[in-house]
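Trainee: Let the hints inform the model, and build the full structure from the sequences given.
Protein chains: 2
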Amino acid sequence: MLEVEVKGWVTTPEQARAVEEYVDTWSFIGEDNQEDIYFSHPCRDFAATDEALRLRRCNKGTFLTYKGPKLDSVSKTREELEIEVPAEIVQILRRIGFKEAGRVCKTRRSFGKNDLLLFIDDVQGLGRFVELESTAGGLPRARELLEILKSLRLRPERRSYLELLFSSDG
Amino acid sequence: MLEVEVKGWVTTPEQARAVEEYVDTWSFIGEDNQEDIYFSHPCRDFAATDEALRLRRCNKGTFLTYKGPKLDSVSKTREELEIEVPAEIVQILRRIGFKEAGRVCKTRRSFGKNDLLLFIDDVQGLGRFVELESTAGGLPRARELLEILKSLRLRPERRSYLELLFSSDG
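Going down the list, the sequences are from chains A and B.
The numbering of the first sequence is the working numbering, which starts it at 2 and goes up by one.
The numbering of the second sequence is the working numbering, which starts it at 2 and goes up by one.
Hints may be right or wrong, so weigh each one.
[Stated by the list, open to error] Quick list of in silico lysine-lysine cross-link-like pairs, DSS-like style, CA-CA up to 25 Å:
1. A/71 - A/100
2. A/100 - B/71
3. A/61 - B/61
4. B/100 - A/71
5. A/100 - B/100
6. B/71 - B/151
7. B/114 - B/61
8. A/114 - A/61
Keep in mind that the hints were calculated from the coordinates and are not lab data.
Mentor: And the structure:
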């Protein structure tokens, strides 16, 4: 599956209000507490190859996700493979050399409209973000999602939450 | 979980008959068609470290298993971590550098008695084997299992089916 995704910072109360007003016409899907563990590869630098292996524990269960390199320079479009797994997979991952590289905890509110998803993420240690996601279309769709971010006056951010947590301005 | 396990070759019709007679007083658990895919590690020589990562597809589902190095010189006792996973985990394993190293297909009949398990395995390309397994006890238990093999006049074999398939006498 190809995930077309853009993300923007919510930094002012005005932006926060604009986002809430904007999603008012969307369907509220639910609220989820997500704990994401990112793993480092035993012999590959995931930061350099722009890949990620993530274990997400959330209200719905435990999910293992592989994210491939981003495919264009404006959005976060990338290959994403996700499966539900037992939480005990952590032990197997450790045995075969994968180490915990970082943890991202957030509360995510999800909204849907047509084939789009909008997430309002409150990320521990970072603040509030809006993510827009589409499973249909490629780069043209990514530009459309960026237009929505722009109309909400949100600054686009291509870096992951993990990268932001580890960076100086994060 | 620590898996205490021994294995023996069934090479003559007399041995085969002796095994069938021996398990006559055990409970028949079931028959299972198992396809095992073994993976090579992207940067660790599993043959040298005596570890294994296996995906088993069988009647009961798909299982991912990590096997640690053997812990003694007589039995196949080793750490074993096993979880049920969706079959699509193969794609994630490939993306993170694990390659298919070999495949073992077998029909397994399982029998139980007290805390022991006995398997009669018909392995494609190798022939018939008896495996004895106990989840209780360590090395003393392993010796007891070896005694059973001896009483059935079966030649003990510490190598895995995969090793045997790749070796000259396999």
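Trainee: Decide, hint by hint, whether the structure agrees.
Mentor: Checked hints:
With a C-alpha separation of about 23 Å, the suggested pair residue 71 of chain A and residue 100 of chain A falls inside the 25 Å cut-off, and the hint holds. Of the pairs offered as hints, the one joining residue 100 of chain A and residue 71 of chain B holds, with about 23 Å between alpha carbons and a cut-off of 25 Å not exceeded. In summary, the hint linking residue 61 of chain A to residue 61 of chain B is supported, as the alpha carbons are separated by about 24 Å, within the 25 Å threshold. Straight-line distance between C-alpha atoms of residue 100 of chain B and residue 71 of chain A comes to about 23 Å, which keeps the hinted pair within the 25 Å bound.
A C-alpha spacing of about 20 Å is found between residue 100 of chain A and residue 100 of chain B, which places the hinted pair at or below 25 Å, so the restraint holds. Straight-line distance between C-alpha atoms of residue 71 of chain B and residue 151 of chain B comes to about 21 Å, which keeps the hinted pair within the 25 Å bound. The straight-line distance between the Cα atoms of residue 114 of chain B and residue 61 of chain B is roughly 21 Å, inside the 25 Å bound, and the hint therefore holds. Between residue 114 of chain A and residue 61 of chain A the CA atoms are separated by roughly 21 Å; this keeps the pair inside 25 Å, and the hint holds.
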